[in-house]
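Enquirer: Each chain, letter by letter, is given below.
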Amino acid sequence: MIDNAYRTLGVSPAATDDEIKTAYRKLAKRYHPDANPGDEAAAKKMAEINAAYDEIIAFRQGKAQADPFSGFSGGGSRGEYTAVRNFIMNRHFLDAMNVLSRMETKDAEWYFLAGYAQYGLGNRAQALEYAGRAVQMDPNNAEYRGLLNALRSGGRVYADNTRGYTMPQTDGGWCCRMIALNLFFNLCCGC
Amino acid sequence: MFGYIVTDPAQLDEAQRLRYRAAYCGLCRTLKKRFGMRGAASLSNDMVFLNILLEALYEPESAEWSSRCVRHPLRRRPRSVSVLTEYCADLSLILAYHNAMDDWNDDKNHIALRYARSIGRGAAEASRRLPWQAKAVADAIERINVLERQADIPLDAVADAFGKMLGEVFPPYPDDHWAPALRETGEALGKFIYFMDAYEDADRDGKKKNYNPLLPLKQEPGYEEKVREILTMFLGDAAAAFEKLPVVRDAALLRNVLYAGVWSRYMMLQRKQDDR
Numbered sequence: 001m002i003d004n005a006y007r008t009l010g011v012s013p014a015a016t017d018d019e020i021k022t023a024y025r026k027l028a029k030r031y032h033p034d035a036n037p038g039d040e041a042a043a044k045k046m047a048e049i050n051a052a053y054d055e056i057i058a059f060r061q062g063k064a065q066a067d068p069f070s071g072f073s074g075g076g077s078r079g080e081y082t083a084v085r086n087f088i089m090n091r092h093f094l095d096a097m098n099v100l101s102r103m104e105t106k107d108a109e110w111y112f113l114a115g116y117a118q119y120g121l122g123n124r125a126q127a128l129e130y131a132g133r134a135v136q137m138d139p140n141n142a143e144y145r146g147l148l149n150a151l152r153s154g155g156r157v158y159a160d161n162t163r164g165y166t167m168p169q170t171d172g173g174w175c176c177r178m179i180a181l182n183l184f185f186n187l188c189c190g191c
Numbered sequence: 001m002f003g004y005i006v007t008d009p010a011q012l013d014e015a016q017r018l019r020y021r022a023a024y025c026g027l028c029r030t031l032k033k034r035f036g037m038r039g040a041a042s043l044s045n046d047m048v049f050l051n052i053l054l055e056a057l058y059e060p061e062s063a064e065w066s067s068r069c070v071r072h073p074l075r076r077r078p079r080s081v082s083v084l085t086e087y088c089a090d091l092s093l094i095l096a097y098h099n100a101m102d103d104w105n106d107d108k109n110h111i112a113l114r115y116a117r118s119i120g121r122g123a124a125e126a127s128r129r130l131p132w133q134a135k136a137v138a139d140a141i142e143r144i145n146v147l148e149r150q151a152d153i154p155l156d157a158v159a160d161a162f163g164k165m166l167g168e169v170f171p172p173y174p175d176d177h178w179a180p181a182l183r184e185t186g187e188a189l190g191k192f193i194y195f196m197d198a199y200e201d202a203d204r205d206g207k208k209k210n211y212n213p214l215l216p217l218k219q220e221p222g223y224e225e226k227v228r229e230i231l232t233m234f235l236g237d238a239a240a241a242f243e244k245l246p247v248v249r250d251a252a253l254l255r256n257v258l259y260a261g262v263w264s265r266y267m268m269l270q271r272k273q274d275d276r
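Same order as they appear, the protein sequences are chains A and B. Using the working numbering, read the first sequence as starting at 1 and increasing by one per residue. Using the working numbering, read the second sequence as starting at 1 and increasing by one per residue.
Just so you know, the hints here were simulated from the structure itself, not pulled from any lab data. A hint or two may mislead.
Short, incomplete list of chain A residues facing chain B, as computed with Cβ under 10 Å [as the list claims (entries may be wrong)]:
1. ILE2
2. TYR6
3. LYS21
4. THR22
5. ASP54
6. GLY79
7. ALA83
8. MET89
9. GLN118
10. LEU121
11. GLU129
12. GLY132
13. SER153
14. GLY155
15. TYR158
16. ALA159
Every residue gets a Cβ at the ideal spot worked out from N, C-alpha and C, and that includes glycine.
Work out the full structure, taking the sequences as your base and the hints as a guide.
Expert: Right, here's the structure in full:
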């Protein structure tokens, strides 16, 4: 499947991301509906090109990032946690949080499950915070480590490939000059 | 908006510097032409970034010329303007207006109110041209105000609302093939901006008893590492979403912002702390 995508774009599987993008743009210029109004064959080709590009990008990004949900299992240690795990497996994250929030003691498993539920709800910073606590409280638990690593994987991908750029050493007088420029205009407002 | 989405000039080459300046000046000129000097005051690096990103993605026809202006009266500077610059200009005004009104409502800031009034008509005009985006901004600000008054909300709740707002305004063509990836980029950058602002203002917000999601974390060990991790996570999301887009032209310039420039203020704050 993925080989077809590379073939559609006319690139080799070893092509860099930028080469893929360049190839896409070249084809898109030729087959774009704006350049070929009313041409059904061109429209069909454009859809194929879009699909091929999306497939390659998804494939390449999917390889790099871990999916936090891939390792989740339903077996819980306490009765109440079984219910929470079931909710999470069925993607009822709010229900899971409701059950969790009624519990008095927050052990490592509480934080782990809360982390999963928050991730499911899209609260990634909260998920990271909870997962971190779970691992802190029970460092030897592979399940908890798995969630933390998966949540961190996007950041790791980013940090591992900064495209040749390094951390800025200066704030850049530029930045301050721009703020000063805005202030200048603001002050002039009154006159 | 907050000045975090900037370049790192030290890592720009001359051509990139000129391109950034042309986009910046082009946006400024468009704002001035449409909305006067007060409109020009709503200019932000965030919108310059969006301008460059959208032009790189859609490659619209652009007009390029050199001219003088109030701030640079001696030398002609290159400017570049396209239909997407006009889009960013309208957005700048809508955002500036709602931010100013929000400042007035929150702190009774009279300067903010005067500024909001001075650009009110322009913002209304811009909102008529971009009704979908104007509504998204207004709704988000209202949602943020409601959330900030609630107790016990997740760390991300307000950042998420702010992010969603930016996400909604990133795509100029909401039904376009690239709208979802643009939305993701905007959303992740919005969350980064919100947390970066929370990090910078944590002490001040603590004293003034303003809402700040990082305050509970600040009390505990490992605060600095946690903040760094949160910021990196959202930048990772933003960069990944950006890399989904078939951007070739100006890619290096945009990456300068996403992989280096965005850390400028953070690094400066670290250096300040080390000095202490």
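Enquirer: Evaluate each hint against the coordinates.
Expert: The hints, checked one at a time:
no.: 1; hint: ILE2; verdict: violated (16 Å)
no.: 2; hint: TYR6; verdict: violated (15 Å)
no.: 3; hint: LYS21; verdict: holds (4 Å)
no.: 4; hint: THR22; verdict: holds (5 Å)
no.: 5; hint: ASP54; verdict: holds (8 Å)
no.: 6; hint: GLY79; verdict: violated (26 Å)
no.: 7; hint: ALA83; verdict: violated (21 Å)
no.: 8; hint: MET89; verdict: violated (21 Å)
no.: 9; hint: GLN118; verdict: holds (6 Å)
no.: 10; hint: LEU121; verdict: holds (7 Å)
no.: 11; hint: GLU129; verdict: holds (6 Å)
no.: 12; hint: GLY132; verdict: holds (7 Å)
no.: 13; hint: SER153; verdict: holds (8 Å)
no.: 14; hint: GLY155; verdict: holds (4 Å)
no.: 15; hint: TYR158; verdict: holds (4 Å)
no.: 16; hint: ALA159; verdict: holds (6 Å)
Taken one by one, the earlier hints fail for this structure at numbers 1, 2, 6, 7, 8, listed in ascending order.
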